[in-house]
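Residue numbers (our numbering), protein chains in the order written: chain D, 1 to 295; chain Y, 1 to 591.
Since the hints were derived computationally from the structure, they do not count as laboratory data. Take the hints with a grain of salt, since some may be wrong.
Derived pair list, reagent style BS3-like, types lysine-lysine, alpha-carbon separation capped at 27 Å [unchecked claim]:
id	chain 1	residue 1	chain 2	residue 2
1	D	K93	D	K207
2	Y	K178	D	K280
3	D	K202	Y	K50
4	Y	K450	D	K117
5	Y	K450	D	K127
6	D	K93	D	K117
7	Y	K390	D	K127
8	Y	K178	Y	K390
Far from chain Y by the CB rule (all over 10 Å, computed), these chain D residues [unchecked claim]:
id	residue
9	A97
10	E247
11	G284
Covered stretches of chain Y, as calculated for chain D (at least 3 residues, CB under 8 Å) [said to hold, decoys possible]:
id	stretch
12	78-89
13	119-127
14	139-145
15	345-355
Since this is a predicted model, take the numbers as computed values, not measurements. Heads up, the beta-carbon is just placed ideally off N, CA and C, and yes, glycines get one too.
The lines below spell out each chain.
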Amino acid sequence: MRRKLRRLTTGLAALAASLRPLMEMNDFPTAERFMQKYYKELTPEEMQKVLQRIEGEVESQYGIRPHVRDYKPMDGVEFVYCLNLTRCIGCRKCVHACVAENNQSRTPEIQYIRVLKMPQGTFDLDKAEHNYRPESVPEKGFFYMPVQCQQCKNPPCVKVCPVHATWQETDGVTVIDYDWCIGCRYCEAACPYWARRFNFTKPSIPKERLNPNMSYLGNRPRRQGVMEKCHFCVQRTRAGRYPACLEVCPAGARKFGNILDPNSEVSYILKTKRVFIQLKEEMGTSPRFFYYFDA
Amino acid sequence: MITSLRQGIRNYFVFLWRCARVAFVGDWRYQAWMGGLAVVCLLGLNAYCKQFARGLVVTGMSDQVSWGVYIANFTFLVGVAAAAVMMVIPAYIYRNEELHDLVIFGELLAVAAIIMCLAFVTVDLGRPDRFWHLIPGIGQFNFPASMLSWDVIVLNGYLVLNVYICGYLLYCRYRKQKPSKWFYIPFVFIAIVWAVSIHTVTAFLYVGLGGRPFWNSSIVGPRFLASAFTAGPALIILALQVVRRVTASAPGEEISRLRERALAPSVRPSRAATLADLDALELRLPEMKSVPRESRAKALAGATVIAVNEGDILLRQGDTDNAAFFVLSGRVVVKREESGRLRITRNIGPGEQFGEISTLAGTPRAATAIAEEQAVLLRLTAASLRELMKTPAVNKIVHSRMSERLMITDRALMTLRGIVQVSMLINVFLLVNEVFKEFYSGNLHVISSKYLFFGLEGHHALVPWIWTAVAFNLVAMFLLVLPVSRSLKWLNVTCVLAIVGIWIEKGMGLVLPGFTPSPLGEVVEYTPTLNETLVCFGIWALGLLCYTVFLRMAVPILQGRISKANEGQSAEQLLGSVPAIPAIHANATHN
Chain D
1 MRRKLRRLTT GLAALAASLR PLMEMNDFPT AERFMQKYYK ELTPEEMQKV
51 LQRIEGEVES QYGIRPHVRD YKPMDGVEFV YCLNLTRCIG CRKCVHACVA
101 ENNQSRTPEI QYIRVLKMPQ GTFDLDKAEH NYRPESVPEK GFFYMPVQCQ
151 QCKNPPCVKV CPVHATWQET DGVTVIDYDW CIGCRYCEAA CPYWARRFNF
201 TKPSIPKERL NPNMSYLGNR PRRQGVMEKC HFCVQRTRAG RYPACLEVCP
251 AGARKFGNIL DPNSEVSYIL KTKRVFIQLK EEMGTSPRFF YYFDA
Chain Y
1 MITSLRQGIR NYFVFLWRCA RVAFVGDWRY QAWMGGLAVV CLLGLNAYCK
51 QFARGLVVTG MSDQVSWGVY IANFTFLVGV AAAAVMMVIP AYIYRNEELH
101 DLVIFGELLA VAAIIMCLAF VTVDLGRPDR FWHLIPGIGQ FNFPASMLSW
151 DVIVLNGYLV LNVYICGYLL YCRYRKQKPS KWFYIPFVFI AIVWAVSIHT
201 VTAFLYVGLG GRPFWNSSIV GPRFLASAFT AGPALIILAL QVVRRVTASA
251 PGEEISRLRE RALAPSVRPS RAATLADLDA LELRLPEMKS VPRESRAKAL
301 AGATVIAVNE GDILLRQGDT DNAAFFVLSG RVVVKREESG RLRITRNIGP
351 GEQFGEISTL AGTPRAATAI AEEQAVLLRL TAASLRELMK TPAVNKIVHS
401 RMSERLMITD RALMTLRGIV QVSMLINVFL LVNEVFKEFY SGNLHVISSK
451 YLFFGLEGHH ALVPWIWTAV AFNLVAMFLL VLPVSRSLKW LNVTCVLAIV
501 GIWIEKGMGL VLPGFTPSPL GEVVEYTPTL NETLVCFGIW ALGLLCYTVF
551 LRMAVPILQG RISKANEGQS AEQLLGSVPA IPAIHANATH N
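Pulled out of the complex, with its shape left as it was, chain Y reads as follows:
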């Protein structure tokens, strides 16, 4: 008992250590990107240290406008964090398979966004050294009266939830174990409700202030959610394409070479499989033990064993041949062509299967499988595979491994486009509601909106910003409604417009007019200082750095390149072994 616990803890720390190592491995582009972010982070830290020493006087804030870009960014990022997890809804509730693979990217984005949120509120504090006054039980926590105390709870709770879910799923994938539903599905559903709550609570932070009519409006909460569900998935659409691009291992020309080559099963020697081969598989796949004798005999009817060489193509994306494979020895890599590039979706070792989805469903191959080294494979027809899967244990393991792949399909991006589309329409509609109520009724409270949209007493600082935001949002809305945004190029333009538009509208466009004019009618304008801007850049760089590191760790684990099975090998070896693939064209002339 004790030893197994000790072993478990050791395994976990090895996992963490290997993850940490992976963050430092990468080509020169990766190193340059990380180095650049680190420099911006340090510049931000330097600016923050100045602020820490001299006080918030180094910012543009005043007693009249007492919150500025820090809180504006905070508000925007809470939305991003909330929306990132909302990808879970189509994946888990509507069982969208293609999004299912990508949920973890959304959750990791949520973690990075919350880290940025916490950093932004911390830099906004006048006395960060007294943060402990906020810790329930140790300090004096004004719960439930203060909405800020609610925010402390929901933000930190959300961080813990997402770190837990991501960590658990990745660790299971690393150990090639099926995640136990009880250990994460309940938390996924809690996270959905929690996501709504973090953004609602953040809206209530403003809505609850009766002395600020611009904020004291019940539409702020719904508007926050609508704009979050626009900007969040838009950000994920862009992030996923970046992941897809940077994890692509081969340029386009290699794809055409792949196409020219014959499939290995047609040119390599093969023989009929025997019971001994199934026993060999059983050593690597213990679930096979429970397959009864007669079932084994039936399955052998359509089974062959083939020996393949490094670089052999075993099945090809788009083909409609149907046979599934189990690896008896050696390693196989699965690559998928996405937007003209090849990307690794899976690494397969002994005892694991590939090609089973298209075989069972009779659909075209979703990816191309290539032998990474000399390998021996068990090749099964659809009937044979179905026979083996009559045994519940085998059925379960085969099904659970079906989801062990990393595919970023255009269809998944289009599902996200659908979310952005609907949310943007609602967002603009709610904005129209707000503007109508403010300007049509014409009561004195319209003054903040007047300041925002038209300027007041010669003060116009926000006017160009808000009209830019309105223009961006409207253009993005029309692009989203038109079919043109089904092309990725236009979708990306749309996403950038939506993100920038919402960042302005929800940040500066919400926080600053609430303070202008002051409750005593004084109009004081706020402009962020250079120092304040540097702190903001520093925090954004920190967030990007975190997200990059998270992706850097998660992608090889999701691909199966780093797993418990190859514990002995260093990250450099495993990630550096990508050049082994060009062996495809090294022996392009098959015999």
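Next up, chain D with everything else stripped away, as it sits in the complex:
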């Protein structure tokens, strides 16, 4: 009997020792967060409570009271992005503006936009250079192609998500409920544009760099273990502003607008340009992101 008891205590002690690393966790999900409902099932009142809770959580972590809103798509709007490959100089200012606007993790680095340096005369992505670091851009013999979420009309990422944590909204933006994602990364495998990013650990943002204008489906700080990606800056564009990447572009290569409005700039571009490119058109994803040339 005593031997059995000793065995049992040794076993329990070994179990406790192996569970020790859990002690270093400081944000175990609270009951409230654990039980939080799916975005589409929250009533407006429940949504208000959740938004307030998030504001409190951000404040306690960063010391700044943010303004978190649930920006809804506007009626009669379908967003489209056009990017002028003749103008892009590969300066990556869009990448940094995006990181700042969307509260992306600085360590480890998460960026939604990847600028590819392509040798002139080819569109083979396998020839792209990702980590170019020249003295100055543009370089002779190359063109630059920024790639971010293409906001497909037929998004493979939405199809494969086992829990509906990502979906396409009426304005064409594919969004993610960060509080519903289970982190299986199937969408990341499905995306033909490598547009999705995973929080492999707790994201870290310097306090002074936090953008306090936040949206639920957009740029509020994410947690460890969930997906994120470009959402056309819903906290800006659904309030009538341009995306951060467009505003910062020094070359005027980026154009954004409502394709349902015949007088919008994007409607004009798609009507008048003889050639424009949907990346990997053969995938049948039908992107809302168009690349075009001046001439």
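Starting from the known structure of chain D, arrange chain Y on it as the hints suggest.
Same frame as chain D, now just chain Y:
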């Protein structure tokens, strides 16, 4: 009604409790094996807790290669689980008797493999605390659009199916009842279709991704099945031999002693049987009630009753004498010589028969029967037994008990070898198809295959692995085709080569090149970290632990050592009673 229900529930819980107890009983080797596995499990758990706290950053995965060894192992093990049940096909459809006895080992392996699969997908999740989002009805289940939701259904369904089938068959054996066909045969056939579906769905998980040309190929599904039917039965061939070895109760020298001794019926006193003896049998075998008087009288013509002592040999493996026995009182153990060792195949109590198969078929004895204690036996000639079996009830019970034994014959292993052989040939053929299409056409999509087989831009991590796999698979294929693999030693080498080859090819060789280069043409290599590897070892140890426990419970039940009849005795007593057998050589000098 209520009381019988309560009694039924009580019986079932006693069964579960006794099974649980058995898992803790064993000699020092068993204890050391289980202890070792438990330690590895805990190391894995510790590594997983680190990952849970710090995130998947402790693995080697990145945004470029977003799945790694977890999903690779998952994919391999789904195949093992699917193939394990495929033993059912020769057993039930082609009525291969020798495999029939072993189907349960395949199903238990499937259960252990599915447990490992579920563990591997769980550790791969970034937010395991949100698993409930996946539960249909409670969470948001993206069915049927997401192949992952299909996988959730088929894997869990498969687990339930196999647990049910194994549990039902073992419980029936425990109660010494004949399993009712309606309660399990339909499920066995569902399980066959389901087995194909789990692996097809897992293949579709990859095939359905248009953005990954390396996976987006219709041959992946058939290749998955072919490689699964190679690796799965290969694993069972090895597992069965382990079971055969560790459940062997006596070393080889005891076999020669057994051979030297005279058979008890020739040296013990016997007398002609009377109607009173048949009445005595009827008390233990109620089916005898329906045997008519005249039939009884005819059967008595060739019947004798003998009293035997502990350790007496009643019939001997390989002999061609033909008489069947019913036990009137006492206990008899049946042992079979397999690969130079003796192993218990059955334990027989009052009212049960032995020696009937060889008697009816006129074949040599398949095993040796030894009296475990003083016993009284009814000895019947073939004609007498046939007479009794003219009564349908007796015929039915005798036939159903024929299958109540645990034999792992070399013939059964060779049947499995046949499956491995054909599957390996198909597997290599499909691989050749894939390689041809990729390299001959020379379009840009060949780049992932180039990375896998030859390396890309100075990145060669997978090259040594895949060539090892190719070499192992080819060597295994040639060994399987050659007659040399009919010897168990070479067959085992072949199986190990096939399993390792397929594990590499299907795990790392399938998952990683799909991510390399990334859809934007970036080549990032993946190497599993120590922490990730420990988690994998932990899950494999968990799977082995589960399978060992399942076998530990199933084997004594299949042998008849643990049954409802001996409910009062503890597992230690029953399993520890094996030393009672050396009484064979204790009174080796017969009188």
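Do three or more residues of the stretch 139-145 of chain Y come closer than 8 Å to chain D, measuring C-beta to C-beta? The restraint on the stretch 139-145 of chain Y holds, since 5 of its residues have a Cβ under 8 Å from chain D and three suffice.
Are there at least three residues in the stretch 119-127 of chain Y whose beta carbon sits under 8 Å from a beta carbon of chain D? holds (count 5)
With a cut-off of 27 Å on the C-alpha distance, tell me whether K93 (chain D) and K207 (chain D) pass. At roughly 22 Å apart (the allowed maximum being 27 Å), K207 (chain D) and K93 (chain D) satisfy the hint.
Measuring Cβ to Cβ, find out whether G284 (chain D) lies farther than 10 Å from everything in chain Y. 7 Å, violated
Would you mind confirming whether the straight-line C-alpha gap from K450 (chain Y) to K117 (chain D) stays at or under 27 Å? Distance ~23 Å between K450 (chain Y) and K117 (chain D) Cα, so the pair holds.
Pair hint outcome, K178 (chain Y) versus K390 (chain Y) [Cα-Cα no greater than 27 Å]: This hinted pair holds, its Cα atoms lying about 19 Å apart.
Could you check that no beta carbon of chain Y comes within 10 Å of the beta carbon of A97 (chain D)? Its Cβ never comes within 10 Å of chain Y, the nearest being 20 Å, so this holds.
Verdict on chain D covering the stretch 78-89 of chain Y, criterion of 3 CB contacts below 8 Å: violated (count 0)
Per-stretch coverage check for the stretch 345-355 of chain Y, three Cβ contacts closer than 8 Å to chain D: violated (count 0)
Take the C-alpha atoms of K202 (chain D) and K50 (chain Y), compute the straight-line distance between them, and say whether it is at most 27 Å. 13 Å, holds
Please confirm whether E247 (chain D) is truly not at the interface, meaning its C-beta sits more than 10 Å away from all C-beta atoms of chain Y. Non-interface label on E247 (chain D) holds, nearest chain Y Cβ at 25 Å vs cutoff 10 Å.
Do the alpha carbons of K178 (chain Y) and K280 (chain D) lie within 27 Å of each other, as the hint requires? It is violated: about 62 Å lies between the C-alpha atoms, which goes past 27 Å.
When the structure is compared with the earlier hints, violations turn up for hints 2, 7, 11, 12, 15 and for no others.
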